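J.: Quick note, the sequences are listed as chains A and B, same order. Just so we're on the same page, the working numbering is the position in the first sequence counted from 1, plus 164. Heads up: the second sequence at position 120 corresponds to 100 in the working numbering, and the numbers run straight through without jumps.
A hint or two may mislead.
Claimed, not checked - Straight line, CA to CA, 27 Å or less: simulated DSS-like cross-link-like pairs of lysine-lysine:
{"#": "1", "chain 1": "B", "residue 1": "K132", "chain 2": "B", "residue 2": "K111"}
{"#": "2", "chain 1": "A", "residue 1": "K498", "chain 2": "B", "residue 2": "K132"}
{"#": "3", "chain 1": "B", "residue 1": "K111", "chain 2": "A", "residue 2": "K498"}
To be clear, the hints were calculated from the coordinates, so they are not data collected in a lab. Bear in mind the structure is a predicted one, so any value in this text is a computation, not a measurement.
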Amino acid sequence: MTDASLNSPDASRPAKSLTHEDARTKKRNASERRFRMYGVAAIGTGLFFLLALLTAILSAGLPAFKQAVVEVPFTLTQEEYDEAEKALLKTGVYTEYFITSLSSTMDAEGVEIEFDKKAVERLLGKVGGELRTYYRENEDDLGAPIAFELAAASRVDRYLKGTFTRDDLQAGNRFFMPEDFDLIDAMREAGLVKQVFNWNFITGVDTGVDNPGGAGIGASVLGSFFMMLVVLVLSLPIGVAASIYLEEFAPKNRFTDFIEVNIANLAAVPSIVFGILGLAVFIQFAHLPQSAPLVGGLVLTLMTLPTIIISTRASLKAVPPSIRDAALGVGASKMQAVFHHVLPLAAPGILTGTIIGLAQALGETAPLLLIGMVGFVARYPETFVEGFFEPNSAVPAQIYNWAARSDAVFTEKAWGGIIVLLLFLITMNTIAVILRRRFERRW
Amino acid sequence: MNDMRSLERDVDTNDVKIAAKGVQVFYGDNHAIKDVDVQIDDKTVTAFIGPSGCGKSTFLRCINRMNDTIDVCRVTGDIHIDGEDIYDPRVDPVQLRAKVGMVFQKPNPFPKSIYDNVAYGPRIHGLAKNKAELDEIVENSLRRGAIWDEVKDRLDAPGTGLSGGQQQRLCIARAVATEPEVLLMDEPCSALDPIATAQVEELIDELRQSYSVVIVTHSMQQAARVSQKTAFFHLGNLVEYGETGQIFTNPVDPRTESYITGRIG
């Protein structure tokens, strides 16, 4: 007699129909349904927050990419040019010409308004100077009709975008008078006001508080670019070499275990710690230039290395040992097996890890604050080498800087900067995904 | 197939290719191979049989020092190939493995083209002076692997896209491309269907003309069909070693008899 016969079905138990759910099955099914609902709810909550975040960022940041311009048709004859160049206040004469042209254009559109030179300069900046510079450089255009696009001052911009109203204007503001609103409305009525893409925001440099509208993110994008170059050039070879050694060649003993634990711990060290380390080691000890993208890159390399090492080791581990056996079996040396077979198979994973590490480094702000990369940087580096050594900012630091300023225009720029940063991050992650898809091989 | 036909099979030569003496293998504290002495003949198929975990694969991997890649593995004793001690500190395992090819249990082609799979060994050992010579080696190896006709039109196709049996024959072609003198096969047919198995077995019989083949197998029928000599391993001991016909018909040790009649293992 076997044990199985002890468990034979009890004859007294009532027969059950398969089409009828018993209590246990009902309970199980209900718990599964509940679990699915939790999952859907979790994903829904996540999506909701993501959507809210994106809406907030886009609605606050997109205006930074738009710039109001006033387009005025303008013709300057040779005689007028000669006369203006002879005058004592040359730009003043140009401004007069412009005002005449603007008035007649508005009259032609049937809009009547009185305004003075000061009001024009408050709204459109130093118009006379701009005109003079243009004609001195393009004498051929004398006598021909030109449509001048003049960037509107930031308050005009904000008034047109609806973030600055007549009620917001405080009495005694020398930069903006109540009657200026009427002039803008009049120009808008005459169809002179246009919204164009604000290239200056992409290519420009940071500006002072007197010209918030002119501030651009270009220089800090370049700063980030040079830092990323340093990070890539240093962390990829060092990280990959370290992982290959640890994973394929190093003996497994206490010392390598110790290193392994430390690499895992380093990945979790707060970034500000790396910042203060960089300040102490690279700037105070090694006397590298402060605020330089080179130092920023070195600090971010320290931060990125553990990420790259961990992901590289994971992708090396994922290569099946049978491939190593196959290579060794035909008489390849250990190094040949690694470089000819294991590394190419691990490459997509390594690339993904590297790009994600770089993306992380790109968005890092805290260590940059400590090595002084949040300064006011109003110029581009002149040469490639200067790009590494001259003080510069980085995109996240620039955003932080703008957000800390009081003028609402800078706040808008900060949101715009966030969009630029997110675009870079999304691009990098997309590249990572594409590389992964493309080079992933099955075995 | 008639297993008894191995009875009439005679052994061509009796030159000793591999001589193992007092081989012990430890995996950490686990004593995997206990004092094995065996002499494997040239131009002969030798089968290692025995229940799972008896050490036959481990012993096979000692012959081309693949066990070196396992950190905790320790091998003592002597293994001589052509009179040379392969565990001599001066021996480079890389050179040894060029001389002692290996085919693994699971087909493991490189995720490269069929051509590159076969050409890899000759390339790293510098066996071909130019492309034409390499082409010739690849063709010859694929012919010896009995797979040439099936793949000659798609040498650029990935080796991993072939069927299991084709992959295993590709791996055999890859192993013979480096012109080894000994071919070790670790259960080469365990992942194959009977038709592919028959093809591989036929191939093994042909390879006997030029190599000393050592095959580990779980199938006693296969051992009887392809080998001239058989070694029976049990719990890390080499229990019995002799002519295949004699092992299967008239084993000396009672454990061998129990195993081949299906009472243990």
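J.: Now tell me if each hint is right for this structure.
T.: Verification of the hints:
At roughly 17 Å between alpha-carbon atoms, B:K132 and B:K111 fall within 27 Å of each other, so this suggested pair holds. Of the pairs offered as hints, the one joining A:K498 and B:K132 is violated, with about 31 Å between alpha carbons and a cut-off of 27 Å exceeded. As the CA atoms of B:K111 and A:K498 are separated by approximately 26 Å, the hinted pair is consistent with the 27 Å bound.
The structure is inconsistent with hint 2 alone, although it conforms to all the rest.
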